[in-house]
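Below, each chain spelled out in residue letters.
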Amino acid sequence: METITLELPLIFKITSVKHNNLVLIVLIFFSFALYAQSDEKKKVNHEFELELEAEYRYFFNDAQFPGQETHFPALAIKPEYSIDWNKGKEQINFSGFFRLDRDKERTHWDIRELYYQKAKGSWEINVGLKKVYWGVIESNHLVDIINQTDAVETFDGEEKLGQPMVQFNWITNNIGTFDFFYLPYHRKRTFPGVDGRLRFGSVIDKDDLNYESGAEEWRQDFAVRWKHYFGIFDVALSHFYGNGREPLFLFDNLGNINAFYPTINQTGLEVQVTHDAFLWKLESIYRDAKAQHFLALAAGLEYTFGNIDGNGLDIGVLGEYLYDERDELALSGLQNDVFFGSRIAFNDTQDTSILIGGILDLDASSKIFSLEASRRIGNSWKAEVEARVFSSIDEEELILSNFKEDSFFRLSIAKFF
Amino acid sequence: MKSSIISILVFLVASIAFGQSPEERGLQIAKAAEKADLGFKSSIVELKMTLKNKNGQTSERSLSTRTLELTEDGDKSLIVFNSPKDVKGTSTLTFTHKVGSDDQWLYLPSIKRVKRISSNNKSGPFVGSEFAYEDLSSQEVEKYSYKFLEEKGSILVVEQDPVDPKSGYTRRIVSYNKDKGYRIEKVEFYDRKNALLKTLSYSDYKQYKNKFWRANVFKMVNHQSGKETILNFSDYNFDADLSEDDFSQVALQRAGN
Chain D
-9 METITLELPL IFKITSVKHN NLVLIVLIFF SFALYAQSDE KKKVNHEFEL
41 ELEAEYRYFF NDAQFPGQET HFPALAIKPE YSIDWNKGKE QINFSGFFRL
91 DRDKERTHWD IRELYYQKAK GSWEINVGLK KVYWGVIESN HLVDIINQTD
141 AVETFDGEEK LGQPMVQFNW ITNNIGTFDF FYLPYHRKRT FPGVDGRLRF
191 GSVIDKDDLN YESGAEEWRQ DFAVRWKHYF GIFDVALSHF YGNGREPLFL
241 FDNLGNINAF YPTINQTGLE VQVTHDAFLW KLESIYRDAK AQHFLALAAG
291 LEYTFGNIDG NGLDIGVLGE YLYDERDELA LSGLQNDVFF GSRIAFNDTQ
341 DTSILIGGIL DLDASSKIFS LEASRRIGNS WKAEVEARVF SSIDEEELIL
391 SNFKEDSFFR LSIAKFF
Chain Y
6 MKSSIISILV FLVASIAFGQ SPEERGLQIA KAAEKADLGF KSSIVELKMT
56 LKNKNGQTSE RSLSTRTLEL TEDGDKSLIV FNSPKDVKGT STLTFTHKVG
106 SDDQWLYLPS IKRVKRISSN NKSGPFVGSE FAYEDLSSQE VEKYSYKFLE
156 EKGSILVVEQ DPVDPKSGYT RRIVSYNKDK GYRIEKVEFY DRKNALLKTL
206 SYSDYKQYKN KFWRANVFKM VNHQSGKETI LNFSDYNFDA DLSEDDFSQV
256 ALQRAGN
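For the record, the sequence lines run as chains D and Y. Just so we're aligned, residue -9 is where the first sequence starts under our numbering, counting upward by one. Just so we're aligned, residue 6 is where the second sequence starts under our numbering, counting upward by one.
Simulated from the structure, these hints should not be mistaken for laboratory data. Wrong hints could be hidden among the right ones.
[As the list claims (entries may be wrong)] DSSO-like, lysine-lysine: derived pairs with alpha carbons at most 27 Å apart:
1. Y:K232 / Y:K36
2. D:K217 / Y:K103
3. Y:K53 / D:K79
4. Y:K211 / Y:K36
5. Y:K36 / D:K77
6. D:K33 / Y:K214
7. D:K33 / Y:K103
8. Y:K214 / D:K108
9. D:K33 / Y:K120
10. D:K79 / Y:K46
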């Protein structure tokens, strides 16, 4: 498939249309929220916070594809506002995000969260744009499906786009917590632009990706999750039915790509056993779509040597095995891989911590090494360093081979107001 | 009320009785202290933590703690950080058990993740302070063995030896004030080599509901490193009427938002 290059104004127009949909959803939800709170006259707490971040990413190998840049200075603004009343049982939370980057596609804004929450007794309801995290594994996030990944923001997939939802939680002491989701709108994943690294040879414009469902992004999706714990066991089972968050890429013999968002059923399992300083973890999904059925699994352990020096130094070791039945079509590139890592926490006044790790492909030579370190400076600054190194990437790797020259180093400084 | 009168009577009779071993008397005192604080049901308190290194440089954290009293098993507690701002909203939920390891979950607000964590590392410092996790967890009688040492006026001094081998201490020397509802005035901590490690002094005590003594200031001095940590508590709220619903993983996320 050829890359479709749209002229700039058109791109802006399309993104603004998508955002208008979001704004519409927010308005609908908020008229509901305001109606629901009209008779509350209790003590109200407001909080406003602002984080400003300067970031610099440097890709130290020559670009593999034409147009890709090497240096990426960037800025981010993250405002947060929350208001609660009724002793915190009712809240409205807002969390915004704006990124300015050299890569036009990475320059983006989002409402990460804007929702009304009400808790009463053993239930809680949330209405609006919200983020929800599922899962226990560190090196890959299989089960986590409620929110679309903000794929241009970070490489580890932990940054998410705000998802419109009605979430209803029902908490019981004896049979666990039930979490029901109504998800009325799907958000597409953004891919790096021509300038950007960590992309395929052809630039994917998110608006070129269509849906299997005729209702497209307005397909009404549902999810449910049950979570409970029994002594040292924490268990969760979940099911999602709707537009997949991960696009499905089909490649034909001529090298053409057909990419779209399939309608999927996905069942997820999470287990963690917390025994002494050991955390044993298992996470697995079965995803079923017309074009694809597969199982993926991740299992591992985390062990922490606590307070080694009597001064608070904790050293954790992590090992995880990652399997994906899609084999080379797995977007994460983690089809039969092993992750090793170590988490070092100094527990000092500046909260210094370091996470180092490596993912080794058991079928090929490919390896990805990573380092993430952070430290608070003074009381309201924070510095972060990140490095990802793609090493001996196998040319046969359908996904990862595109990133083989994209090892990078990232430095960021954030100020909190 | 009736049960506390009985318990005081039992204690008085027992302490008068000759032939009571120091171990028995120590345990009696710990139980009397537990009884004296029974019935607070739930509390909410805000606190400021000041960390001071040996050069006198300080850094601060503020947090709020909710506690739910349970009698059959240990208490439940929920701690939320309000500052420094980069960790704002980070919260922990702890279910203390009288016997065995506590259950603990950590909430990370940036990615909205709830993670079950090991409570094994109890001797480690709490957020870089001179307080170890075990110093701040719910003090259940079953977690120590006891030996009465001496009586100085209204002060009863008891040695407490942790039952759990993972504790960072060989013993704690605890001073109870028998005239003030067995509130604790001072704790001395001896490390695994049996050397004096830290002293915790409680001051600015205030009595709530005519019964419950709570210190407004905790001062922990580490004699080996020269560092200290001071906790300044605001007024306790004993009228929040918290229930189990306020100590679920869902409530943990709610508190951290």
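Going through the hints against the structure:
1. Y:K232 / Y:K36: violated (32 Å)
2. D:K217 / Y:K103: At roughly 25 Å apart (the allowed maximum being 27 Å), K103 of chain Y and K217 of chain D satisfy the hint.
3. Y:K53 / D:K79: holds (24 Å)
4. Y:K211 / Y:K36: Distance of about 21 Å is within 27 Å: holds.
5. Y:K36 / D:K77: The hint is violated at about 34 Å.
6. D:K33 / Y:K214: At roughly 24 Å apart (the allowed maximum being 27 Å), K214 of chain Y and K33 of chain D satisfy the hint.
7. D:K33 / Y:K103: violated (37 Å)
8. Y:K214 / D:K108: Status violated; Cα separation ~31 Å.
9. D:K33 / Y:K120: Given pair K33 of chain D, K120 of chain Y is violated - Cα atoms ~32 Å apart, limit 27 Å.
10. D:K79 / Y:K46: With Cα atoms ~20 Å apart, K79 of chain D and K46 of chain Y stay inside 27 Å; holds.
Checked against the numbered hints listed earlier, the structure breaks hints 1, 5, 7, 8, 9; every other hint is satisfied.
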